[in-house]
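Listed here are the chains, written in short residue letters.
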Amino acid sequence: DIQMTQSPSSLSASLGDRVTITCQTNQEIRIFLNWYQQKPGEAPKLLIYEGFNLETGVSSRFSGGGSGTHFTLTISNLRPEDVGTYYCQRYDNLPPKYTFGQGTKLEIK
Amino acid sequence: EVHLVESGGGLVKPGGSLRLSCVASGFNFSSYSINWVRQAPGKGLEWVSCISSSGSYIYYGDSVKGRFTISRDNAKNSLYLQMNSLRAEDTAVYFCARAPHVGDAFDFWGQGTVVTVSS
Chain A
1 DIQMTQSPSS LSASLGDRVT ITCQTNQEIR IFLNWYQQKP GEAPKLLIYE GFNLETGVSS
61 RFSGGGSGTH FTLTISNLRP EDVGTYYCQR YDNLPPKYTF GQGTKLEIK
Chain B
110 EVHLVESGGG LVKPGGSLRL SCVASGFNFS SYSINWVRQA PGKGLEWVSC ISSSGSYIYY
170 GDSVKGRFTI SRDNAKNSLY LQMNSLRAED TAVYFCARAP HVGDAFDFWG QGTVVTVSS
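Quick mapping for you: the protein sequence lines, in order, are chains A and B. With our numbering, letter number 56 in the first sequence gets 56, and the count goes up by one each step, no holes. Basically our numbering = 1-based index in the second sequence + 109.
Bear in mind the hints are in silico, worked out from the structure with no lab data behind them. Glycine included, each C-beta is placed from N, C-alpha and C at the ideal position. Take these hints with a grain of salt, some might be off.
[As the list claims (entries may be wrong)] What follows is a set of in silico ranges between Cβ atoms, one per label pair, in the way DEER data are often shown:
id, chain 1, residue 1, chain 2, residue 2, range
1, A, L54, B, T225, 21 to 31 angstroms
2, B, F136, A, K97, 36 to 46 angstroms
3, A, S10, B, E198, 20 to 30 angstroms
4, A, L15, B, G125, 14 to 24 angstroms
5, A, I108, B, G164, 26 to 36 angstroms
[Claimed, not checked] The calculated lysine-lysine pairs, modelled on DSS-like cross-linking and capped at a C-alpha distance of 27 angstroms, are:
id, chain 1, residue 1, chain 2, residue 2
6, A, K105, B, K152
7, A, K45, B, K122
8, B, K122, A, K39
9, A, K39, A, K105
10, B, K174, B, K152
11, A, K45, B, K185
12, B, K174, B, K185
13, B, K174, A, K97
14, B, K185, B, K152
15, A, K45, B, K152
16, A, K109, A, K45
17, A, K45, A, K105
18, A, K39, A, K97
19, A, K97, A, K45
20, B, K152, A, K109
21, A, K39, A, K109
[To be verified] Calculated Cβ distances over 12 angstroms to all of chain A for the following chain B residues:
id, residue
22, L120
23, V121
24, K122
25, P123
26, S140
27, S158
28, G164
29, G170
30, R176
31, A184
32, R196
33, E198
34, G219
35, Q220
36, T225
Turn these sequences into a full structure, and let the hints guide you.
If you want it as structure tokens, here you go:
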């Protein structure tokens, strides 16, 4: 079974900072991850799909990257509205299932 | 405008049953796969189940397999989750979320319905 670890579990940064969230797998995967943002009390929102594709309407301050075993979500020029929890997600074919990362809670200093 | 509205949540005793519904509007429901995702209080997201656009392909997470049944009625733009043999650890907010195809990212989510399993 492929294990996926998201880090850090929490993050505190200043306005204008650039932050990076990572998801790592213990085996190389031939797929790219999706990334979601969940603000307190709200449903999750898709930010990045298939590794690096920006969902329509999402700020270009968000970017996705990586491949193989190491995948990243980067937020540039941090703003107050970026506060929330971020999740990576992957899909496996055998057996068919989705898996979410453990989540990263982002706060503003 | 796209809408997914969940309903049917509530308080149920351990061992009991509950049926959740998700009604869609603003898009061609029959062209999308739909998923159930849950979030226990203060915890992360857990995928529960998905069903393909036609209903031909259905998959479940290990924690609900054999207890939950997903179904859809494309004529009514509706998705269902029949939950049997409920346990305390099934307590969560249940979201429905659409994806263009099974395996794709979830590009729109409902606001969720709360299920509490407690005696």
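Quiz item: Going straight from one Cα to the other, do K105 of chain A and K152 of chain B come out at no more than 27 angstroms?
Solution: With a Cα-Cα distance of about 11 angstroms, the restraint between K105 of chain A and K152 of chain B holds, given a limit of 27 angstroms.
Quiz item: Are all beta-carbon distances from P123 of chain B to chain A longer than 12 angstroms?
Solution: Non-interface label stands for P123 of chain B: nearest chain A Cβ at 26 angstroms, farther than 12 angstroms.
Quiz item: Are the Cα atoms of K97 of chain A and K45 of chain A separated by 27 angstroms or less?
Solution: holds (20 angstroms)
Quiz item: Beyond 12 angstroms from every Cβ of chain A: is that where the Cβ of Q220 of chain B lies?
Solution: violated (5 angstroms)
Quiz item: Are the Cα positions of K185 of chain B and K152 of chain B separated by 27 angstroms at most?
Solution: Violated, at about 33 angstroms.
Exercise. Verify that the Cβ of R196 of chain B lies farther than 12 angstroms from every Cβ atom of chain A, and report whether the claim holds or is violated.
Key: holds (20 angstroms)
Exercise. With a cut-off of 27 angstroms on the C-alpha distance, tell me whether K39 of chain A and K109 of chain A pass.
Key: holds (17 angstroms)
Quiz prompt | Verdict for L54 of chain A, T225 of chain B (Cβ pair) under range 21 to 31 angstroms | solution = This hint is violated: roughly 37 angstroms between Cβ atoms.
Quiz item: Does the claim that G219 of chain B lies outside the interface with chain A hold up, using a Cβ gap greater than 12 angstroms?
Solution: About 6 angstroms separates G219 of chain B from the closest Cβ of chain A, which leaves it inside 12 angstroms; violated.
Quiz prompt | T225 of chain B and chain A, when compared Cβ to Cβ, separated by more than 12 angstroms | solution = Per Cβ check, T225 of chain B is outside 12 angstroms of chain A; nearest 17 angstroms; holds.
Quiz item: Does the Cβ-Cβ separation between F136 of chain B and K97 of chain A fall within 36 to 46 angstroms?
Solution: violated (25 angstroms)
Practice problem: Given the range 20 to 30 angstroms, decide if the beta-carbon distance of S10 of chain A to E198 of chain B lies inside it. | Solution: With Cβ atoms ~24 angstroms apart, the hint holds.
When held up to the earlier numbered hints, the structure conflicts with 1, 2, 4, 5, 7, 8, 14, 27, 29, 34 and 35 and fits the remainder.
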